[in-house]
Every structure is written in structure tokens, then in C-alpha cells.
Amino acid sequence: MICPSCGNLCDDNEVYVEGNKIVKVRTECAISSSKFLNYNKERNTKPLVRMGGQFKPTTLDDAIEQVARMLVEAEYPLLYGWSETSCEAVKKGIELAEEVGGVIDNTATVCHGPSILGVQDFGEPTCSLGEVRARADLIIYWGCNPSSAHTRHMKRYASLSKGRFRLPEQKKVVVVDVRKTPTARNANIFVQVKPNQDYELMAALKMLLGNEEIEEQEVAGVPVEQIEELAELMRSCEFGVLFFGLGLTMSEGKERNIDGALTLVRELNKWTKFAIMPMRGHYNVTGANKVLTWQTGYPYAVDFSRGYPRYEPGDTSAVDVLSRGYNDATLVVASDPVATFPKDAVKHLCSKHLAVIDPHISLTAFMADVVIPSSFIGIEEGGTAYRMDGVPLIMKKVVEPPEGILPDVQILDLILKRVRELKKGR
Amino acid sequence: MVELKLKIKAQHLTPIEGEVLTPDNLAGKSVNEILNLETWRGNRRVKLSELFTVEGESASKPSDLHLILEGDLRKVRHIGSRMSAGKITINGPVGTFVGFEVTGGTIVVNGDADAFLGMGMSGGVIEVNGNAGDAVGSGYWGTRCGMRGGLIVVKGNVGAELGCWMKDGTIRVGGNSDIFAGVRMQGGTIFIAGNVGAKPGAAMVNGKIVVLGNVPNIPPSFHIDEIRPSTKVDGDKIQGPFYVFYGDITEGGNGKLFISVEKNPHLKYREAYIF
Amino acid sequence: MEYLLKNGYVVDPTNKIDCERKDIAVKDGKVVESVDESRAKVIDVKDMLVMPGGVDLHSHIAGSKVNIGRLFRPEDHYKDYEVKSGVRRSGVGHSVPSVFTTGYRYAILGYTTVFEPATPPLKTLHTHEELNDIPIVDKACFPLFGNNWFVMEYIRDGKLEECAAYIAWLMRSIKGYAIKVVDPGGVETWKWGGTVQDFDQEVPRFGITPREIVRGLVKVNKMLGLPHPVHIHANQLGVPGNYKTTLRTMDAVKDLASGDKPALHITHVQFNAYGGVDYLSISSRADDVADYVNKNPHVTIDIGQVIFGDTTTMTADGPFEYKLFTLFRGKWANTDVEVETGAGVVPITYSRSNYVHAVMWCIGLELALLVNDPWRVFITTDHPNGGPFIEYPRVFSWLMSEKARERVLKRLPRLARVRTHLRDIDREYTFYELAISTRAATAKILRLTNKGHLGEGADADIAVYNINPKEVNPSLDYKLVRQAFSRAYLTMKDGEIVVKDGEIVSAPVGRTYWANTRAPKDVEDVVIPKVKKLFEEYYTVRFENYYIPESYLACSAPIQPLEPAG
Amino acid sequence: MVKFTLLTGRSLVQGVGKEAGKFSEKYIQEVSTCQIDPEDLRVLNVKPGDCIKLTTEYGSVVLEVAASSLVHRGSVFVPYGPYANLLVGTKTGGTGMPSFKGISVEVEPALGESVPEIKELLTKTYGRVK
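If you read the protein sequences in the order shown, they are chains A, B, C and D.
For the record, in the first sequence the residue sitting at position 22 is 22 according to this note's numbering, with numbers rising by one throughout.
For the record, in the second sequence the residue sitting at position 23 is 23 according to this note's numbering, with numbers rising by one throughout.
For the record, in the third sequence the residue sitting at position 32 is 32 according to this note's numbering, with numbers rising by one throughout.
For the record, in the fourth sequence the residue sitting at position 62 is 62 according to this note's numbering, with numbers rising by one throughout.
Keep in mind that the hints are not guaranteed to be accurate.
[Said to hold, decoys possible] Derived list of chain D stretches under chain A, where covered just means 3 residues or more per stretch with a C-beta under 8 Å from a C-beta of chain A:
| no. | stretch |
| --- | --- |
| 1 | 36 to 45 |
| 2 | 51 to 57 |
| 3 | 67 to 79 |
| 4 | 89 to 103 |
| 5 | 118 to 125 |
[As the list claims (entries may be wrong)] Among chain A residues calculated to face chain C with C-beta under 8 Å, some are:
| no. | residue |
| --- | --- |
| 6 | ASP11 |
| 7 | ASN13 |
| 8 | TYR16 |
| 9 | GLY123 |
| 10 | PRO125 |
| 11 | ARG166 |
| 12 | LEU167 |
| 13 | PHE190 |
| 14 | VAL191 |
| 15 | GLY221 |
| 16 | THR296 |
| 17 | TYR308 |
| 18 | LEU393 |
Quick caveat, the hints were computed from the structure, so don't treat them as lab data.
Where is the CB? At the ideal position from N, CA and C, for every residue including glycine.
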């Protein structure tokens, strides 16, 4: 059973179903079992519309009608989310965004968007996770905390995994972070970097790899001797990999921190084999980026307002669209921006028409005008998803959704059909 | 020059595409033709007449046309895109991508300009009498090439990544700059009268950055070269003294940072490395 | 729906028709003897050139590495876009176009079948998802085997039946079409940072050489009766002096050929026909390669022509892309895939004034012109490696006109003209030869019996170009040739008009072909359980999750192997 | 009032809680609790379980505080969520990504005050102006 939680997309969980209910989960991951066992709790099963400030239950047709009208009337709708649903739904979402001339953006925009910007300047030497398991003798987690966010990453793919050419004891683990995370506690080496100075540390590493002298005693709070040791470790490994997370993309410099990391790993390939990989959060954030890229040419922040894909992240990316007050309506699918966006962005989001498609009453749904309940992808509906390393997997359906609840792809299809009718009517 | 004044009608809710607003597009057209030109507001095709009131007249040649834009233009983006000649004066705050890939002419903004001012610029002059946003004089995503020529002057402050990937030309900032000024710079000159955020010149391979104010830190990938009494920006002498750093060494770069000695006592320890 | 294309000049080499005025009747998606004119839609294509739809056997249009190219080159797209309209979805060009645009632009060129030549089996679901989204054209993909752990071990241990059973199982499990080999053994070597310098160099930790891998796979290919010979991207691609490796590779399987049936297709040979010892001394050895091909019927080639301008190189040959990166220091992507293969992507600008690029440009054309038999040399740009496929018409005009070639040649660096042979070649392709090399022959080598010709029963994939082959002299009017082939007057796919006057008028879903191969049951029954066991050790996905159900293909077209396996 | 560096981020409980629902006690409890080094608690003179007020240039919020030796001195860690967002600005530096980490924040004891209830907080902050 493929787990629709994080970018690990573990495909070896066992789920036991009795009747139409998941009764037992065999997995080593707390998040995964919580997902499989709790997904059905606090479930909203009725389409809701806001009237006089209060939610009132309504029919699916009425909810679809309202969302369709909202999108057709909007001059600059934002269609946001897409990372906790199937690629089939993402394709439908792109078609809808194109049809209504809106901006489509996925959660990468506040996750690994900067990583993508970095890749667009430098490319990335990377590999599938099996390569790490089979060959890596040095694993670096920089600004990421798999023990909390990707609990089985180390066991399945990295430091604790048994690979064809490497046993766990042959794999050294280095953690670079601003705080001693749970991951850091189990590392061979922990390097504590000062907040917002990862770039300086990476620059220092590149200097030392290039046998250059640094005119400092310490960089980013790390003594130069310790940086020298780290550089030597990287240079002398047989196959190294650098996993990085939001510690780099969200702190000062953002895309420039990725610039620093990508060019560091590039440099290391002069000495040995070295790969780099972002630790993608939501289980299909990678897939959303991939589908957007092959259908529009761009991975996120795609603006269809002029009838063709345009890409200007920093202006057409969700937070910027909201904070500049560009959009006059928003459709949120399988995501919760109210829980993840800065205050002022959420303010604008909530001040305009807002519709949400989500299995739960998320914080965003709580603020919405229209809420359409959807089935759980990966549990109540199948579809494809892409693992953080780009390996595609087919998610399975194991239980039936509650009566009358449709998957995202079907809801979006109904909206799209209605939108086309309304546009013809004009 | 012939003056043509467009005053935006009211505050618009959704973004307006300003590409059409260049002397190149408007020259040789009658006021009526101009009013009937189409652009986008959000995803709607709208005539300029719906968005602007027009005074004055157009010129026959772009180089003779002085286009004056008035009002709150914060949601108008790409004003002056790919303009080659003439002049645009913007009275009021203006949106993103002003002067996108301009090759010539002059753009004056009397107000604040949003991000990506002069992106991909290769010639002409952009002057902002106010503040400007992020990535001034940078380049389109993935091009690895920022501003290639011309002059950008910002009287106030600028955001992050000023002159990112800049290849040639000059940027002058009267106020402060946010982090990563001149990051990945490949040539040209950046002059900042105020303070800069962290990591100026990071990964630059060529060009020159002059800072009169405070610098929190110099990337570890720079070496100090010497102390100079003064330096020059486009021919005018700038009084120092300056610490001169070169780098970015990790990029095999030969860029130069001129950092005010007086405003940066915390860099004194670096003097020990001068030989 | 029935159609009658009247008064065109038909070029249909398979049926020995060379510019004859002939009507083509179409019914229910097939070419038929005749239709009732009163009921059929009659289209007058008077004096126009009528050909079977183009068949491209090597074009990187879909999959993981292609998408990496799209993702990291926004600057490649932002000035070349397609606005949404009626039947057309929006999208972007240029060297790595988005999926919809890819299908439309091929159809506009009059191409109706395009094969993706390199897919990592583990990521082939991705490839199929993109192929599903490419409208109009029929498609297929070639899984990569040249660095596959199972394959290398079976061949090393001399277990060819088991190897065949494994490949048969994999081919039908992931819906692949043919065996693709890229830098045999070289990618596994690269996964430790090394490169294969020699055809007989041992692969670290596997004790097998590229030669053994190639020979083994050619044998397996025969055992399984796959529809296409082993499709190989030889070792040492892009390396000066590599023509020797290319000759060795071809010669290594000479004894395995049965009669005149090709046993090996060597792809984008332009990149593998270099003399010299470094990039300063690089020269053309296209003559040696062509000479070998002329003398030995067991190989076919495609050229991989270079087009001057900006494009994106992408290949499973990771080590080669790293070499490119060290030359340019620009963008570089590398993606190693566990157990199976890898990939690299690097943007490049081929410039006329660059000596090396000029030599490459000459070599591609030399190969097409020096191989005498157009049934064994196919026109490609190895899209997008040599240049984007939209530039095909330019290549056609060069092949059909010495004058057109001369116009480019005289602007190349002198040394490039001296160290190549193009200036001495006066051969010019006829429309007939062009039709062979771009349709008839490629369909034949892919064993697509309903394609590449307009005989009765053929799929009604038809291209009509607005040029009169009787009047126009391509040798002089090469510009007209280029224009005509750039925008088909009419393209028909399975009997449906998809392009009219160079515009998309409908966008049906194309088929995805795959080889439904089987090894003898008793062998498979032994091998597959073994594979399953090793699978859990080798891969990070479960055996069960590796399988791609037929339902995941938008329009599945399984084809059976020729002779019974074994 | 003491100056700290604000770090927001993922935590296991937040991840697990998230799957249990955004209004679940588990989730809300986790995302409305900030972590500070025990030494710093002493400096601020507050005990684990007390409320403290965090203020950045973008906004301020009252949170419960917990002691954690994982957060090094001078920083305060708040799990991603509706509470942390009140302290984060929309400046993306042209990247589309706001700064969620390394923001300078002022911390002061808020004895007597309490963590705002989530629904009330949402309606109060984002109260619909339509």
C-alpha cells in the first residue's frame, strides 16, 4: 500500500480492511498510521455554502454551480494547492485554470519553489533513492529533519538502509542545522550553523575544497578547522549525497542557499561522485510540479490570464499574487493555505471569493464561501503520484468513500464542464 | 518631445498588462487609435479607453514621444516592455517588471517601483525617484544573464538581489540595498550610497560593487586586496578610503568590492591579510 | 468517414510509386482501393506532393529527462508559446516543447508516428503519462537495458534464456517496444564517477564488458523476435576518435545477423563518427562509418543532424553530459536511476563559427549522403540533441540541394571544411529517397506494417505538401522545399483530417505501441520468482508496484513478436 | 523584553496532528506552543506552560512556552501553523517564498494572558470583509 503522506511515498505499508473500514496498519511510521487510521475522523461529508456568515449544507450541484460561476466571473482567479492529490486531478486542474484564464500554483511555492529556481540556473546532479541506498557512504542532511518530517527516510533509503554495495555501518551521516533536531541527535557529526548563514558555510566549504585560504577564524558560527574536516570528509567519500530541506529554502537567501548547495555539489563531482536532493514534503508535490512542467513548460506559478502559460515566480506565485491583491477569487484544492501562508496573504485570500475542495474542514475551508468534500486520494481513490526522487507510483483504492463523496478529479471535471457551459452562454 | 498623457481611471482590482504602453507601440497612432488599443485586465481583453483617459497627442516617431502615465499604477505590470526609444514618465507608484527587456529610451518613475525593475535591460535609462523592489536589473528566469547595458538610478532603497547575474551597464542606488546585492554579477558597476544587506557580490565573477555605507559581512569566498583612497564610477571620482576585496574565488571570479573603511570598523581585522 | 484525395503526385516507395498522379481513397481510417465519390469527401490536392505520414524513430519527446530539460529551461520557452484556441491546448516551444505543442508541431510537419527512444524502466509510467498527453501522433518508448544489473549479470553468467525471460517480462510489464542500449556498461561505471574508455573495458563490480553486453542483447533480441533491432547509442559518444568504437560495435555483432536482416540500429551516428585525438584535431570519419554500413547489411543508422542555434542535449549517457558540462560550465542535470540507467541534460548553442560544431554539422549530412541505400539511413536530429525536430525541413533542403549546403558551408571555419568531406559530395536526395528515409524505411525497421506507405490496408496517415514535385527543382528551389515541408497543406491521421493549411483542426488521441513479448512459459516460471526476490534487494519500490497496467495507456496498441519466442 | 531569532518548522507531533485534523486538540496544542532553551526561560523568568508574547515587525501572538534543549540559545521555535503565520511577513525577495525562518522577534512574558482559541483567532484576524 502506497502511503499518501510525505515525499517518501513508502510503498510497503500493509493496511487491513474490514467491511469498508481500515482496522489495522502495519507501518513503521507514526504519521502514516495516523493518516490511515484518522483520515476519516472529523470528516465533512456535506457540500457547504456560507450564508449570512454561517455554513449551510447544500447539494453537490449547487456547490459546483457556485464554484463554476465564481471562476467564470473572476478576472484573475487563483487555483492553489495540488500537492495532496493525484496527477490525474492536477491535469484536470491545469485544464480548468487554462479555461478560466487563472493562475495555477502548487504548494511548492512555499516549500521547494526556491529549489526549483536554483535548478533553473544550475541544474542538479541527483539520483533515485535506490542509488543512495546502494552506493552512498556519506549522507548529509542540511536544513532538514527526516526524523520528524520523513520518518522512514533513513531506514528505507539512506543511512540505516542495507544497500547492495553498502551496509548501514558503512554510511556516515552529517547533519547541518540551526538547532539540534531529532535527526541531528543520531548523526555521526552535527554542525550547528547560525540562522541565515548557511550560504556563508557553503561558500567556506567551496573555498576549502578549492584549497583556498579563508580570512576568518569561524564562519556561520563554525570554526574553520571543523569546516576543513567536513570538506575533507566530502572530498574523500566514494558516493556522497546532500539532502536539503526548508531550512535552506525558507531562510535568508532562499534560492541563493540552493544556488550555494547546487554549486557545492557540482564542485564535489570534480573529486568524487556526489548527488543532491530536496526533501519534498507533501506526498505528490513532486508530481504536481512534473505535470505542470510537461503540460505548460513551467513547474509552478503558471499564469494563464493571457491564454497561454506564463511564468514569473515572485509575481505569479501564490503568496505574491495574494500580497499584491491581484486575484479576485481563489479555488483551493487539497491544501490549507490559511495554515501555511503569512498573515497578510491570508487576509487577502479571505477577503475575496474562496472555494475549497478538501476531505476535511481545513482552516481554509473554515474561512471559505463554498466547501466541497472530496474523497481521500490514495485510500478511497487511486491515481499516480511521484516520489521525491521522481519515481512514479500508482496509488490504490482500498475503501469506498462516504456516500456521494467524489474524488478531486471528478469534482474538477464537473466544475470544468459547467464552466464551459456558462462561457458558451455568454 | 510630443507629450501624451494617460491617466488611469480608478483603482483596478486585478492586474493590468502594460506592455502596450511604450512609445514604440503608441507612436504614429491617433489618440482614437490609441484609445482603441487592447490590453489585458486580468484575463479580460479591454480597450485602453476603459482603463485610461488620454490627453495630448502622439508623435510620428517613438523617439519624439514622451508618454506620461498618472495615478496608482501598482497593479500595472510590464510597462515599457522592450521599448527602444522615446520617454515614459510614471507619476505615481507602479507595479512589477517596469522596463522589461528595454533596449533604449528613458523611463522615469516618480514614485515607488515594484520588483523586477529593468529585468533583461540592454540599453537606455531607468530612473526611480523613490524605492524599487527586488531583483532590480536581473534577468528572466534561467537565462543566467541580467542587465546587459544601460543605466538604472534608484534614489531610494532597493530590495534583495540587486543586479543579479548583471553583465554590463550601471546601477546607482541612493539609499540602502537588501541582501545579495550584485549576486552572480558578471560585469558592469553597482554603486550603493547607503548600507547593504548580507553577502554583497556573492558568486560574482566580474564587475564592481561600491558601497559607501555599512556591510554586515563579506562572503568568506572573498579575499582582501588593498585599501584605496578612492575609486571611480562611470568616470566620476568617489572618495574613500575603501577596503578592496576580490572574488568570488569559488567561481574563479575577479569581481571587486569597494567597501567604505570608515563605515565598517568591524572589518578592520581583515587588514591583517593585506600584503 | 470517407475521403478521396484527388490529383496529387503520390510518393510511396514501399509500393514503388514515385511521383505518380494518383488518387488516394480513405475509408474508416484506412487506405482503400476506392470509395464512392458521391459519398466521400473529395479533396482536390492537384499537383501537390502526397506522402505517407512521417515516421520518426528517434526523438526525445517524453519522460523524466525530457521533463528535466523543460523544467530547467524557462528561458527556452518564454518567447515561443501557443495560445489556447478551439481544439488546441496552450503550451510552449522551443527545443523542449510542452506535450500538447509537441504533438501539434509534429502533425504540422506531416509526421504521424514518433518514438521516444530512451526510458528508464523504473520511470516509464512517467514516460507513458507524457505520451498519453501528446496528441495526434502514434507513439512508443524504448526501455534502457545496457546498464541493467539483471541483464549484466545474466549475460556475464551466460544465462541468455533467463535474460530473455527477464526482458520479455519487463517489456510487457512496463509496455516498452524495443531494447535500447545507451553507453553499454558506461552508465554503471559513471555511477561511481568513472567512464568507459574502451569497448572491451570491464564494468566495475560486474566483470562484464560493453562488447559482451551488446552481443548478449542482440542474441536476446532475436530470441524474443522483438519488432525492432537492438537500438544502440554507442560508447564514447562525443569523444574525438570515437569512430573506431562505432566500427567495433557494429562489427561485434556481424556474426549474429541472420541473412540481410538488420541486427543492430546505431543511432545519431553523427556523434559517433569523429576522427582526431581532441577537440582541436577533431575531424570527420563519416566516410569510414558509411563505408562499413554500405558493405554490411546487418546495421542501419540514423544521422542525428546538428542545427546551428540553441538547443538542449539530453541522454541516458550521464558521463557524456558531465563532459559537456565541464566544457561549458553552464547548467548541468544528472539523474542516476537505481539498477537500470541514468540521464544527463545540458543546454547547448551550436554556432557556425565554432570549429567543432561546424565539423559536427558536416558529418551528419555526410552520413546521409555517403550511405548509398536510403532504406538503411534515417533522417533525425536526435531531437533535441542535434536540434529541435521543427528544423527537419531545413535538413531536407540541405540533403536535396548541394546549393543549399554550399550556402552554409562557405560560412564555416576553413579548417572545418578541410577536415570533412561534405564539400566533395554532390549527391542530392530525390523526393523518393526523402520519403524512404523519413517514412518507408523507418516504418519498416520498426516493423509497423500499416505505416510508411499508402497501399491498401495501410493506416490513413497521410501528409500532403503544397509543392509540385514535377515542377519544382529542389536543387535550385530548396527554399520552396523548406517552406512546403514546414507546414503541411493537409495531414491525415487514421483517416481524420488533423491539419489543414498548416493549422491544427482536430487533435485525436494517438496509439501507444508496445511489444507484448513472452519467453517460453517454463523459463519464465523459473525466472520471474527469482527476479521478484532480487527485486526487493535491488529496488526501493515493491515488485508489484513496478507493473504498469494497460489501462494506464490512453490508447494501448500491443503488438505480438514475429516468430515464437525461444 | 528580549530579542530572539524566530525559527518556524515541522515537528513530528505537528505532522501526526495534521493528519488527525486541523482542529484536533493534538494539532492545535502543538502549533500554539513555542520552544525555548531552558536557560533563556530563566532569563525571561517564565516556566514551561506559561504564556509568552512574541512580536515581529509583521505581527504578534501569545503562545504557550515549552523548554527544549534542541533549540539553541537566542532562538525560539514555533511549529508551522496558523499561530506562526501571524509572525511572518509576505516579503518574498522575488522568489515567491516568504521568510519563515530566522526572523528577529521580541519575546516577553505574558502571564495572565492566554493562547487565543483557534476559530476565534481566525475570525478575528481574517474576519470576512465581503
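Against the structure, the hints come out as follows:
1. Only when three residues or more bring their CB closer than 8 Å to a CB of chain A does the claim for the stretch 36 to 45 of chain D stand; here the count is 0, and the claim is violated.
2. Counting residues of the stretch 51 to 57 of chain D whose beta-carbon sits less than 8 Å from any beta-carbon of chain A gives 0, not enough to reach three: the coverage restraint is violated.
3. As drawn, the stretch 67 to 79 of chain D meets chain A at 6 residues by the rule of a beta-carbon pair under 8 Å; at three or more, the given contact holds.
4. For a cut-off of 8 Å, the count of residues in the stretch 89 to 103 of chain D with a CB near a CB of chain A stands at 13, and the three-residue condition holds.
5. For the stretch 118 to 125 of chain D, the assignment as covered by chain A holds, since 4 residues bring a beta-carbon within under 8 Å of that chain's beta-carbons and 3 suffice.
6. Using the Cβ-Cβ criterion of 8 Å, the hint placing A/ASP11 at the interface with chain C is satisfied: the shortest such distance is roughly 5 Å.
7. Hint status for A/ASN13 relative to chain C: violated, with the closest Cβ pair at about 10 Å, above 8 Å.
8. Interface restraint check for A/TYR16: the shortest CB-CB distance to chain C comes to about 17 Å, outside 8 Å, so the restraint is violated.
9. Nearest Cβ of chain C to the Cβ of A/GLY123: about 4 Å, under the 8 Å cut. The hint holds.
10. Interface hint at A/PRO125: satisfied, since its Cβ lies 4 Å from the closest Cβ of chain C, which is below the 8 Å cut-off.
11. Checking A/ARG166 against chain C by beta carbon gives a least distance of about 12 Å; that is not within 8 Å, so the hint is violated.
12. Evaluation of the A/LEU167 hint against chain C yields a violated restraint, the C-beta minimum of about 13 Å exceeding 8 Å.
13. The interface hint given for A/PHE190 is broken, as the beta carbon of that residue sits about 26 Å from the closest beta carbon of chain C, more than 8 Å.
14. Proximity of A/VAL191 to chain C is violated relative to the hint, the smallest CB-CB distance being about 25 Å (cut-off 8 Å).
15. Residue-level restraint check for A/GLY221 is violated (minimum Cβ-Cβ distance to chain C is 32 Å; threshold 8 Å).
16. About 6 Å separates the beta-carbon of A/THR296 from the nearest beta-carbon of chain C, less than 8 Å, and the hint is met.
17. Below 8 Å, beta-carbon pairs count as interface contacts, and A/TYR308 has one with chain C at about 4 Å; its hint therefore holds.
18. At its closest, the beta carbon of A/LEU393 sits 6 Å from a beta carbon of chain C; the interface hint therefore holds under the 8 Å criterion.
Figure legend: structure checked against the earlier numbered hints; hints not met, in rising order: 1, 2, 7, 8, 11, 12, 13, 14 and 15.
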